[in-house]
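S.K.: Listed below, chain by chain, are the residues.
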Amino acid sequence: MKRNWLIAAIWVLLAVLVGCSSESRSVTMHKPGVYKGDSDELIAKSQQQQQVLNDRFKLVQTDR
Amino acid sequence: MARMKFLCDAERCIECNGCVTACNNEHDVPWGINRRHVVTLKDGEGGEKSVSVACMHCTDAPCAAVCPVDCFYTTPDGIVLHDKDLCIGCGYCFYACPFGAPQYPEENAFGARGKMDKCTFCAGGPLPDRSVEEYKKYGRNRIAEGKLPLCAEMCATKALLAGDGNVVSDIYIQRVNKRGGRPDTWGWATAYNFKADKETKP
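Residue numbers (my numbering), protein chains in the order written: chain A, 1 to 64; chain B, 1 to 202.
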């Protein structure tokens with residue numbers, strides 16, 4: 001009887017420990033050649049950023 | 001659409017490692033990782049040349065081609081970035097990259113590999129721009145701030161250039177024309193014909 005309680009307690013303890021882990025529970029189903037990560041805000045801005053970055057380049061990196 | 005590129009002018013690089021320090025400081029990269037490193041050819045001999053190397057943001061990136069979980073993506077302006085939440089730390093990209101760009105932080109005392117870390121062209125990653133989460137995972141997002149990579153911006157001799165590939169190549173062509181040619185320290189001859197008597201004693 002005591003042994004059964006001990007086994008049950010171990011199971012409960014294991015369940016609690018597993019539940020406390022910080023690992024993400026979501027699963028990403030992989031598909032070859034397809035990026036399934038988060039989208040990057042920068043991609044939408046690329047066109048507008050170009051002129052700003054070119055101006056910055058001329059300001060900072062060209063020979064003086 | 002322009003493609004963002006790095007170019008290191010070996011005639012100007014003085015091996016000061018300022019770019020490495022600037023990168024490590026700006027992005028607070030994990031211990032043991034250098035997203036950028038300076039390689040010296042003919043060290044201590046005549047004709048010594050140094051070149052600063054990091055992720056070259058390849059147009060057809062081999063790291064992305066071999067990644068088993070496709071964690072890489074390329075922005076419209078050619079910056080190769082990756083999602084650390086998808087990365088499984090397998091190391092394939094490390095073997096595929098000809099520049100040694102992908103790096104792995106040690107996760108624990110037994111040397112277990114963490115998620116891959118590499119140069120982001122100071123463009124962060126797939127998290128809200130300029131957020132704390134983005135900074136912690138990928139480093140500072142200078143591109144979102146309208147700035148270019150710090151390694152190039154602080155290069156004292158302007159050896160390292162980073163920006164629109166067309167503008168960068170124009171500057172380099174002007175420099176080469178002014179000098180009257182490029183040195184033979186590196187290139188095909190160095191890579192494949194390094195033995196002077198190769199023809200007679202292969």
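If you're looking for bench data, these hints aren't it; they were derived computationally from the structure.
The reader is advised that the hints may include incorrect statements.
[To be verified] Here are the simulated distance ranges between beta carbons:
(1) A:K36 - B:C16: 38 to 48 Å
(2) B:I33 - A:A9: 35 to 45 Å
(3) A:G19 - B:W188: 15 to 25 Å
(4) B:P76 - A:A8: 51 to 61 Å
(5) B:D28 - A:D55: 49 to 59 Å
(6) A:D55 - B:R179: 22 to 32 Å
(7) B:L41 - A:K58: 26 to 36 Å
Where a beta carbon is used, it is the ideal one built from N, C-alpha and C, also for glycine.
S.K.: If a hint holds in the structure, say so; if it does not, say that too.
M.R.: Quick rundown of the hints versus the structure:
1. A:K36 - B:C16: 38 to 48 Å: 41 Å, holds
2. B:I33 - A:A9: 35 to 45 Å: 43 Å, holds
3. A:G19 - B:W188: 15 to 25 Å: Since the Cβ atoms of G19 of chain A and W188 of chain B sit about 59 Å apart, the hinted range of 15 to 25 Å is violated.
4. B:P76 - A:A8: 51 to 61 Å: For A8 of chain A against P76 of chain B, whose Cβ atoms are near 58 Å apart, the range 51 to 61 Å holds.
5. B:D28 - A:D55: 49 to 59 Å: 28 Å, violated
6. A:D55 - B:R179: 22 to 32 Å: For R179 of chain B against D55 of chain A, whose Cβ atoms are near 28 Å apart, the range 22 to 32 Å holds.
7. B:L41 - A:K58: 26 to 36 Å: For K58 of chain A against L41 of chain B, whose Cβ atoms are near 31 Å apart, the range 26 to 36 Å holds.
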